[in-house]
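Student: Spelled out from the first residue to the last, the chains are:
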Amino acid sequence: MATEAHGAESGGLVFHPMDQFIVKPLFGDGPVGMFTLTNATLWLALTVLAVAAIMVLGTSRRAIVPTRSQSVGELAYGFVYKMVEDVTGKDGVKYFPYIMTLFMFVVLANFLGLLPMSFATTSHFAVTVILAMAVFLTVTILGFIKNGTAFLGLFWVSSAPLALRPVLAVIELISYFVRPVSHSIRLAGNVMAGHAVIKVFAGFAALAAISPLSIVAISAMYGLEVMVAFIQAYVFTILTCVYLKDALHPGH
Amino acid sequence: MATETHSATGNGLADAVGVEGHDMATAGPGMPQLDFSTWGNQIFWLLVALVVIYFVLSRVALPRIAAVLAERQGTITNDIARAEDLKRQASEAEAAYEQALKDARAEAQAISQRTRDDIKAQVAEATKEADARIAEKSAEADKAVAEIRASAMGNVEAVAKDTAEALVSALGGSADTAAISKAVDNRMKG
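Protein chains in written order, with the working numbering: chain H, -14 to 237; chain R, 176 to 365.
Accuracy of the hints is not assured; some may be wrong.
Part of the chain H face toward chain R, derived, beta carbon under 7 Å [stated by the list, open to error]:
1) V8
2) M19
3) T21
4) T26
5) L29
6) I49
7) V78
8) M85
9) H109
10) I115
11) V182
12) A190
Quick caveat, the hints were computed from the structure, so don't treat them as lab data.
Built from N, CA and C at the ideal position, the CB exists for glycine as well.
Please take these sequences and the hints and turn them into a complete structure.
Tutor: Structure, rendered in structure tokens:
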């Protein structure tokens, strides 16, 4: 695809590691409008289908002794449920469906993005920024609804000496507003970097002399990326839980 | 070879950078992530996807899995309770069995003791009877021996008289029965 777009003018080696992230229409060659069906749309839809396949189709038999596919759904459920319960406490459990939605979306988008020729939706800041902002806004609004102005106690470290408190409040405030930035860039950055590195190694494979090394490197990177795909989904979800905990129990 | 590779790599990189430079002029920034013209599209479809996932999960999948897990927990609890019940029954049955075994052993011991006593008594009685019979028999036998001895003496006397008579007649004498008898008697007394 890369060579198609740029031609073969560079001779031996072609490095276009970022081309895999280009959003383009599925049909035709026109501009990308608001409702255009793009490759991003396709892979978002496949993510939805994958979630439905695991969580709905897999559990459709409601077996007491679960089948393999049902076990996967139950494991995901138990994993996120326990995370929500452990981090936010009993009163956070009612937000479990939202967090489950986030987790299932991110983890399956990450894994689908690892398929060769696929499009990694979570490598785009457009996606992760919306996810992070949704979490940030929800948590902030929820914090004020639940605690009123007592939510501001989150920034007032009552255990610190009085003189230090204003300074700490400024630091806490900055760190609070940096949260959505780090939250979104961490996910997209990890996914993008891994995919780009794999593409760079793939570019080296054009040279016969280093292609075996390149293939080994791609395999190793791929293994690492499989880990990253899960770990980043986990990190994204658990940070969401931590932020939610702050909203529900703002004391330190 | 190595230098070739390096130069090729260098060229490739330079070309890539050059191409990217050209692209930047035509198709916006080098990172497609920062091409804000596609953000609207991605955000729209992302929200659609999230809403669909949320409804699929919260309406269908999560209640179903929760129900399955609860049902499994219930089944496990029931099974454990039943297993405990059965275990209790088993231990009761074992206790009853042990009791029965102990009773049976005691009874067996009693029976064998009684039997042993019986047999001892019978043996003692039989021994006494046998002793009495043996004494009787030996008395009888003594009498028989005395009789036999007496009769044997008489026989000896008769045989001696006959033999003496036969000897006398064989030696050519005429046997005087009375004299012989007297002589034999004397001899036997002496």
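Student: Quick one: which hint numbers does this structure break? Sort them smallest to largest.
Tutor: Of the numbered hints given earlier, those the structure breaks are 7, 11 and 12, listed in rising order.
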